[in-house]
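Enquirer: Take these sequences, add in the hints, and give me the full structure.
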Amino acid sequence: MTTSGPLLQVEGVSKDFFGTNVLSDINFNLEKGEILGLVGENGAGKSTLMNILFGMKVISSTGGYSGQILFEGKQTSFKNPLEALNSGIGMVHQEFSLIPGLTATENILLNSEPTRYNFLTELFGPRLSTLDRYEMQIRAIAAINKLGFRLDQDMLVSQMPVGHKQFTEISRELDRKNIKLLVLDEPTAVLTESEAQILLKSLKTLASDGIGIIIISHRLSEIMDITDKVVVLCDGKIIHTSKTSDTTVDKIAECMVGRSGVLESSKAHAQKEQAQKEIILKVENLWVDMPGEHIEDVSFDVIRGEIFGIGGLAGQGKLGIPNGIMGYFESGGNVYFSGKKCNLGNPREALDQEMAFVSEDRKGVGLLLDEPIDWNIVFTAMQTKDQFLKSYLWGLIKWRDSKAMSKVSKQYINELEIKCLNEWQHVRQLSGGNQQKICLAKAFVLDPKLLFVSEPTRGIDVGAKSIVLDTLRKINKQKGTTIIMVSSELEEMRGICDRIAIVDKGKIAGILPADSSSISFGKLMAGVGETL
Amino acid sequence: MTTKNLQLKKLLTLDNAAHLLMRNTVPILFILISAMAIPLSEFSFSYLSQELMTRLIRNSFLVLSLLIPIIAGMGLNFGMVLGAMAGQVGLIFVTDWNIVGMPGVFLAMIISTPLAILLGLICGIILNKASGKEMVTGFVLAFFAQGVYQLVVLYGMGAIIPIERLTLVLSRGYGIRNTVNLIGIRSSLDSAISFDLGPVPIPVVTLFIIALFCLFVVWFRKTKLGQDMKAIGQDMHVAEAAGIRVLRTRIISIIISTVLACWGQIIYLQNMGTLNTYNSHEQIGMFSIAALLVGGATVSKAQISHVFVGVILFHLMFIVSPMAGKNLIGSAMLGEYFRGFVTYGVISAALVVHAWTRFKTNQRQRQHLRGN
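If you're matching them up, the sequences are chains D and Z in order. Be aware that the first sequence starts at 1, since it is given in our numbering, and climbs by one per residue. Be aware that the second sequence starts at 1, since it is given in our numbering, and climbs by one per residue.
Check before you lean on any hint, since a few could be wrong.
To be verified - Each computed DSS-like pair below joins lysine-lysine, with the alpha-carbon atoms no more than 27 Å apart: (1) Lys79(D) / Lys129(Z); (2) Lys165(D) / Lys301(Z); (3) Lys230(Z) / Lys177(D).
The set of hints was computed from the structure by calculation and includes no laboratory data. Keep in mind that this is a model prediction, so the values were computed, not measured.
Expert: Pasting the structure below:
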């Protein structure tokens with residue numbers, strides 16, 4: 001302990017992206033050898049905070065931040081991640097940043113390899129010196145030993161199980177001589193139970209050596225286990241800071257979900273009478289191989305006429321469910337729609353069975369960006385149902401029925417308040433909210449029996465949000481369309497859905513009525529819920 | 001002993017055998033076709049081995065120059081044509097100044113190297129802008145460079161750039177003739193030190209240079225720069241996050257490749273003895289790339305052994321196919337046609353097989369995520 005005072009001080013840090021506050025007045029301290037748990041929902045501002053700390057380009061290119069960060073008592077503002085690394089801050093990312101064709105050793109020492117001199121370096125510079133394999137081995141083993149996990153230093157990363165990759169990644173940070181602060185983003189998400197235990201134990205050992213650790217996790221049991229201090233972020237504000245020993249899982253879970261005032265409408269809505277409980281969609285043992293949103297084994301029933309919510313944190317697999325059932329990704333298991341078994345893996349068949357999907361990937365899957373609004377709205381109906389076509393010569397020639405297209409487009413433009421010049425405007429020129437409304441209109445034209453909407457309010461403004469949600473509610477009430485809504489916005493879903501399933505680690509952690517308490521939802525997301 | 005047997009059994013599963021076959025589709029195809037064509041061509045063994053030795057020393061250096069960009073993940077460097085052009089410019093000057101023998105060859109290399117570095121730099125910068133589409137960009141770039149080369153050689157030389165020897169210049173007074181006779185430096189490397197091994201003459205110096213190049217590649221892989229390139233070739237973003245200067249390194253790899261291709265073209269032409277001013281460089285890119293692919297290399301993985309296996313198999317086919325065609329159908333034209341057909345066919349087949357293998361490997365890796 002050469003310098004006194006905290007290792008890291010964050011003082012009054014605020015950040016806005018184009019007028020929207022994503023972080024306001026963040027204050028906390030981290031001592032040497034202390035483990036701090038940073039908890040919060042997706043979009044709570046955790047990653048923005050880390051981006052600021054590491055001087056990522058996204059921050060400076062969007063106008064920087066206010067407030068100050070002191071590292072070892074000195075005010076710092078890193079210009080790029082490399083500067084942060086050189087000052088002794090290491091980051092272990094959620095996605096692996098390892099090179100698959102290199103061994104553990106080569107990855108751990110990537111771009112900091114010890115080298116041997118040869119005469120050519122005089123001519124062409126130090127990059128022509130040869131690698132000192134022996135020294136590399138020694139350093140890699142030393143870094144691995146700090147972790148206390150037996151990792152084969154000669155194994156290729158591409159052949160490693162996931163857990164080993166995580167340990168390789170951490171060893172890489174530990175190889176730096178001056179490492180003082182280590183940030184880990186969801187380090188146990190991909191680990192098995194026993195690997196996670198080893199990791200947590202080694203983190204404690206590292207902390208006892210004087211390294212400060214920030215661990216971002218939504219597994220509250222881990223947070224309770226190893227941290228000294230917990231900071232809960234919600235909507236860009238710190239709403240709870242305390243010593244871990246002074247708080248409880250319930251308290252943290254409640255803070256994490258936040259906004260304890262439950263929307264009144266949800267309660268009224270949830271009491272909607274389910275007259276006859278006919279199951280419209282039955283899902284059994286569904287698996288979906290969607291990269292980043294992988295589903296392992298999911299079973300649930302959806303009742304005709306309800307709005308069924310699917311929530312959970314990003315990367316846990318909630319998006320995999322609609323994408324798998326609609327056949328956009330490789331999937332398997334049994335799915336019955338109106339009692340009939342569905343053939344998975346074929347979007348056309350799903351559409352023919354009168355299921356429709358408003359994708360979360362608006363620009364990639366949802367829209368033909370360089371075509372006019374009316375084309376976009378009727379496109380799927382035209383392809384799958386032969387609507388909006390005039391046929392000539394006994395059906396040999398089919399032409400677009402522009403009048404009918406125009407009529408239906410105008411109707412939806414009015415109904416959904418789509419802001420545009422006219423129905424021929426190209427969709428690319430519209431704002432995100434209006435594009436989302438067109439995606440909805442496109443699904444409504446199909447008049448589906450079951451409608452999947454995925455992240456319907458992501459990236460759109462408040463006004464458009466309420467219109468989108470109102471429209472969904474209306475179509476559910478008036479036409480009796482069953483809706484499955486997948487969203488990261490738990491509060492929104494609680495306002496509109498009847499029941500909500502929470503997905504965690506590729507499985508359903510629980511299904512609760514929408515008016516259940518925030519704490520119980522928070523606990524399900526945090527992996528500490530009671531299984532139902 | 002039993003464990004060894006078990007391991008062997010494990011290796012010999014149907015799945016692994018299929019995998020092995022799949023990965024070597026192209027060379028296997030070539031071996032099969034050659035095995036049929038050799039008896040048909042009625043060439044003697046000594047003639048074939050003579051011819052093969054000639055092709056080996058002509059082409060190996062050029063094909064070897066392709067290795068380094070593949071390590072750096074930039075695919076097959078169609079931009080090597082630019083290096084070949086630089087080499088030819090060097091040869092034209094050396095011929096003009098009437099510098100003969102080995103000094104001529106080395107002087108040509110010295111003159112053309114700065115030009116090759118410049119062209120490699122430009123090529124590298126452009127390929128960086130077209131990251132992920134390096135091959136097709138390089139291909140089109142070579143077409144563009146062809147125009148610039150023609151402008152310089154056909155209009156500039158003799159008019160702006162002084163050329164003394166009238167035999168080099170077209171009768172109108174400027175522009176280089178279609179063929180340049182390289183009699184002064186012809187085979188000067190190959191016959192400097194040479195002995196006969198049975199019917200086959202062995203050119204020691206050229207082989208020594210090629211061996212030196214192979215050693216260079218082996219050594220290069222062990223350097224910091226080589227390791228950086230390997231990392232970049234696998235994942236540019238990760239390499240960048242680790243602080244490796246990705247763009248600069250990629251440019252260096254293209255420059256090295258272009259310079260080596262330039263020297264390779266000079267070695268190639270000193271063996272040929274004549275320079276087809278406007279054609280020699282054209283096919284060299286395509287043939288070298290086809291040869292490397294025939295050897296079993298892919299867009300992302302290539303070894304020294306692929307180079308030699310490739311050159312031997314590809315040129316064996318080249319030598320025997322016209323004669324085999326003639327003996328079979330009575331028309332050498334058919335064999336000639338077959339050559340071109342095979343070259344482009346190999347490149348397409350190799351690219352398709354590569355994409356397909358990658359898809360399959362991906363699928364294999366994700367198998368555990370896909371239910372039971």
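Enquirer: Could you run down the list of hints and mark each one as holding or not?
Expert: Outcome of the hint check:
1. The suggested pairing of Lys79(D) with Lys129(Z) holds, with an alpha-carbon distance near 24 Å, which does not exceed 27 Å.
2. Note on Lys165(D) and Lys301(Z): the hinted pairing holds, with a Cα-Cα distance of about 23 Å set against a maximum of 27 Å.
3. A distance of roughly 25 Å separates the Cα atoms of Lys230(Z) and Lys177(D); the hinted pair therefore holds under the 27 Å criterion.
Violation of the numbered hints given earlier is absent; every hint is satisfied by the structure.
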